[in-house]
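2 protein chains.
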Amino acid sequence: MTATVPETQTGAAAAVTTWLSAFSEALAAGDPAAAAELFLEDCYWRDLVAFTWNIKTCEGRAAVAEMLRETLPGLQPGNWRITDGEEAADAGGVIEAWIDFETAVGRGHGHLRLRDGRCWTLLTTLEELKGHEEPRGLSRPMGAEHGASRDRTTWLEKREHEASELGFTAQPYVLIIGGGQGGIVLGARLRQLGVPTIILDKHGRPGDQWRHRYKSLCLHDPVWYDHLPYLKFPANWPVFAPKDKIADWLESYTTIMELNYWGNAEAKSAAFSEATGEWTVNIERDGQPMVLRPRQLVLATGVSGKPNLPSFPGMDRFRGDQHHSSVHPGPDAYRGKRCVVIGSNNSAFDICGALWENGADVTMVQRSSSHIVKSDSLMEIGVGALYSEQAVAAGMTTEKADMVFASLPYRIMHEFQIPLYDQMRERDKDFYDRLESAGFDHDWGDDGSGLFMKYLRRGSGYYIDTGAGDLVANGDVKLAKGQVDHLTEDAVVLDDGTELPADLVVYATGYGSMNGWVADLISPEVADKVGKCWGLGSDTTKDPGPWEGEQRNMWKPTQQDALWFQGGNLHQSRYYSLYLALQLKARAAGIPTPVYGLQQVYHRS
Amino acid sequence: MTATVPETQTGAAAAVTTWLSAFSEALAAGDPAAAAELFLEDCYWRDLVAFTWNIKTCEGRAAVAEMLRETLPGLQPGNWRITDGEEAADAGGVIEAWIDFETAVGRGHGHLRLRDGRCWTLLTTLEELKGHEEPRGLSRPMGAEHGASRDRTTWLEKREHEASELGFTAQPYVLIIGGGQGGIVLGARLRQLGVPTIILDKHGRPGDQWRHRYKSLCLHDPVWYDHLPYLKFPANWPVFAPKDKIADWLESYTTIMELNYWGNAEAKSAAFSEATGEWTVNIERDGQPMVLRPRQLVLATGVSGKPNLPSFPGMDRFRGDQHHSSVHPGPDAYRGKRCVVIGSNNSAFDICGALWENGADVTMVQRSSSHIVKSDSLMEIGVGALYSEQAVAAGMTTEKADMVFASLPYRIMHEFQIPLYDQMRERDKDFYDRLESAGFDHDWGDDGSGLFMKYLRRGSGYYIDTGAGDLVANGDVKLAKGQVDHLTEDAVVLDDGTELPADLVVYATGYGSMNGWVADLISPEVADKVGKCWGLGSDTTKDPGPWEGEQRNMWKPTQQDALWFQGGNLHQSRYYSLYLALQLKARAAGIPTPVYGLQQVYHRS
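Heads up: the protein sequence lines correspond to chains A and B, in order. Going by this note's numbering, the first sequence opens with residue 237, and the numbers climb by one from there. Going by this note's numbering, the second sequence opens with residue 237, and the numbers climb by one from there.
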């Protein structure tokens, strides 16, 4: 199968069409070596499920050839073409194009960058499975079934019937543990794909995960970055949504998307039977024990879901209030009180700021260096090109922005990030000077690549400054530095002997890896088998090598059969949930899903 | 002020620009006669609030001149231009263009049709008030206020504070009685415009107006026609939404739009004081009496909100169940029972169909002729060009479709409708033949203009057939004809002596005019002063003349100061709520709103 070359086209389009044609021929001929020849030696092919039934980046020509040798048999990739309505573009020697293609079982979308006539980067993603397309647009449901039928049941009766059966007389194919945004958007996609799913959450209502956080919390990412699938925020939605507003949205979304959401339901233990291919999950719902037997188990309990509560000597003696940041109630009870916040990242700054605003006496304890960027600088320089009102006005859609983002290989992503953070450093020089004068240990990441790479590598170590940075810089929030040695009845004592009198201690000490949930829920053995979640293996602070090429264990098969992890910020939850949902749907539909390059485990936690 | 003529443009664009330029000059010169000269003798200028602070169609050149003589002083219309991104088009001798303009106080949008260089139809609408633009897109709220401030309150605290004050220590500027889709979308617009508003409804939750209807009910209009402002239905929304699903949507929408919605709240009486310019509205909320004192009162109680319950001799003796269609619970209790449904329009057919499907013995009593169109024919031929998946694919937006619709003058609308219904008659000939063979009295409206004109003129007299038409045509639902003479203990007796044994009688006998609510709530005198709502004065059945040119009393000033009516189907509620909201906002902001051509009252009910 070869791609058709239109009669007139730009030079860029011609180059792309020529390349696609040659690529298509090599694949059709089952010739991995010939296909790999079309790539630069120094190339990246990122595949989301379409070729590998995995999330995988092949780096270099040899890796491309090896992947194709394994995946080509039976795959039948073809119909490669430039996406309808899109034009190839030449951007300074790099030719870029949006592409579409098919395989035996699905339809795919992707992005191509050529240099000197060869592929530099290729992104291939599975968009939908043939015969299992989502019902929308022309194929949306009718709602009212026309005609007269004595077997008719109404929409409400069907919903009530499903609710009364699923989990009782019928088992869900997928059980999602965790009903925050990650669980909800995956549930929405699975509902559209017709995969019977239950979402469990220990809180009562969707959104309670947000409602129960400290009262000043707002999203740190802007609205354009945060859209959920299917239903976009309206044009009057705030740039940075307050926590209770996003909570209400998630609750409405859960209703509108007709999800089977079980609140007040907690998973107590889970075990997988190789023999039956089934999980046995013991849960407690409204205080009553129940057993569920799904085929697939998804942990959507939050990348930042499992609090790291440190254990300092004297915590048991301390007479004031003390709690992890995740359960900090907000500042109302602490007006005029002495508050010590251990930590110097997002939660620490948010909480210090709100305490100061409410008239508390606040000290931040910095234990290691942190990275701060001002929110407006991050918005304009860091994400504005893809996710902003200006980007929308220029024709950038959320869907396209997500794809552009996904097309940049992780291996070289820091090279694109460093110049952006150089700009921010310049723009906010005065702020950073003041911050350092105040004694704050500030860093820009090991290689100067800033916040987003820190997020991908370690998920910690930064603050998106919405105002509390200045409070530290100008001394309104006092800064102490060092490790905590112990607590007394009424103070935190640092390793240099500094004593910080305290009525309240907040441990803004971060979160553990998601496989900690596995240890609790399934077993320490399975947690070790699966290994650490998150991180790229970049060999930078808190992200030890070897290089993995993709985030560990997220949205893709793990070493434990039928166990999956869903999570990340709203952007990642939205984007990657499609590929996780398609992997689950394919298994539910009995479509073969040979996984290429299942990740090795190098780190247990 | 003259419009600028670009150097190159199409003939159509040149004609439009030339016309706009001349029109603009005549208006700037304060010369109504010169402006009117630019119109055909046989012309229509429909204005929504921009010129008239009213909803008004001027028919003929003299009416245009007269309107301008009254409205031009102080209005300062200018900056007339073809809308950015739109092109003028020549469609068989009629040149069409989208236009924008400004006045002293606002920005406007509209549509122009030229014939022979003169204006045939002109639509002018007020889009927004200067200095009172809705916060969205680039001006959307920030959500998180950056910086540190000791006066900060959170979004939730502000919402709770507002809820605790509004209606108690602070009075709403607008009180909307009725929390169905009409009240909700108007409330959403007023919230965006910053007008303090309370919506009252006697039901507990938003959407209950739908939840409490008969269980088989689905919207008869398709999804593309039904979008609410600000937040569109997702692409997986059903074509014809089931009642409980639209109910859930309205409830979510009310939360998302942050409306002050008081459920379990009923208005008992209302009186307007000319002296204070204030209403005194006695309400009962959760069973407790309260008084509200809004400046503006909006009845959004439903065009089809006030049931017409007939009074037949013997109703007090009848031993079975009997109720108006609006409180019919659905068929579940009537399996195997003898059911008589009085009426032959939408509700009657829906209810007969559902009763038959549940195994009841059903007789429909037709008292006068009805008009039936098959839903799929109506969708394809009647609304598909503007509201369908195909229209969306061709670039038609809901907003643009609404404007096209609004640009057609009511006086000649039937001329556009008649050919469509001729097509439907042809397409479904077999069905109509069978229906008439079954003895059903079928009509196409007095002038053959079909369903939509019936809706606009009388709001009754038709059925959008989703399947029950065939049940009558083939005799599954029995048909009786004539007037009801009386009821016995167990039968309905018609005027020809026919006795219809009955366990259930449903009165699908329609609804009264909205000013019936005024009589109940305010006084019969005010109801008479305001006159009948709805209808065009078309001098057709149930819509007596004289010709009004616009629907009576809807979305515009009435003879009662500070009393307004909002309603109609989802399309009308969406579209006209903008103009009603702008009229209310202008009054709240103290902008002069001289009403041109306040309607006379010819019919009291």
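Careful, some of the hints might be misleading.
One copy or two, either will do: identical chains are not told apart, so a pair holds if it fits within one copy or between any two.
Said to hold, decoys possible - DSS-like mimics (lysine-lysine), calculated; alpha carbons at most 25 Å apart, straight line: (1) 394 x 451; (2) 636 x 573; (3) 542 x 765; (4) 765 x 665; (5) 468 x 636; (6) 765 x 468; (7) 451 x 573; (8) 451 x 636; (9) 366 x 504; (10) 504 x 451; (11) 665 x 778; (12) 765 x 366.
Note that these hints are calculated values from the structure, not bench results.
Going through the hints against the structure:
In the homo-oligomer, the alpha carbons of residue 394 and residue 451 lie at most 25 Å apart only across protomers (12 Å), although the nearest pairing inside one protomer, at 39 Å, exceeds that limit. Neither within a single protomer nor between protomers do residue 636 and residue 573 lie at most 25 Å apart by alpha-carbon distance, with minima of 49 Å and 58 Å respectively. In the homo-oligomer, the alpha carbons of residue 542 and residue 765 lie at most 25 Å apart inside one protomer (19 Å), although the nearest pairing across protomers, at 67 Å, exceeds that limit. Within a single copy, residue 765 and residue 665 get their C-alpha atoms no closer than 46 Å, and across copies no closer than 70 Å, so neither meets the 25 Å cut-off.
With identical chains, the CA atoms of residue 468 and residue 636 are at most 25 Å apart both within one copy (14 Å) and between copies (20 Å). Proximity of residue 765 to residue 468 under the C-alpha cut-off of 25 Å is found in neither arrangement, the shortest distances being 39 Å within a copy and 46 Å between copies. Within a single copy, residue 451 and residue 573 get their C-alpha atoms as close as 18 Å, which meets the 25 Å cut-off; across copies the closest is 58 Å, which misses it. With identical chains, the CA atoms of residue 451 and residue 636 are never at most 25 Å apart, being 34 Å at best within one copy and 42 Å at best between copies.
Taking identical chains as interchangeable, the C-alpha atoms of residue 366 and residue 504 are never at most 25 Å apart, the minima being 38 Å within one chain and 59 Å between chains. Taking identical chains as interchangeable, the C-alpha atoms of residue 504 and residue 451 are never at most 25 Å apart, the minima being 29 Å within one chain and 39 Å between chains. Proximity of residue 665 and residue 778 under a CA criterion of 25 Å is satisfied in neither setting, with 27 Å inside one chain copy and 75 Å between copies. When the C-alpha separation of residue 765 and residue 366 is checked against a cutoff of 25 Å, the pair qualifies neither within a copy, at 34 Å, nor between copies, at 64 Å.
Violated hints for the displayed structure, listed by number in ascending order: 2, 4, 6, 8, 9, 10, 11, 12.
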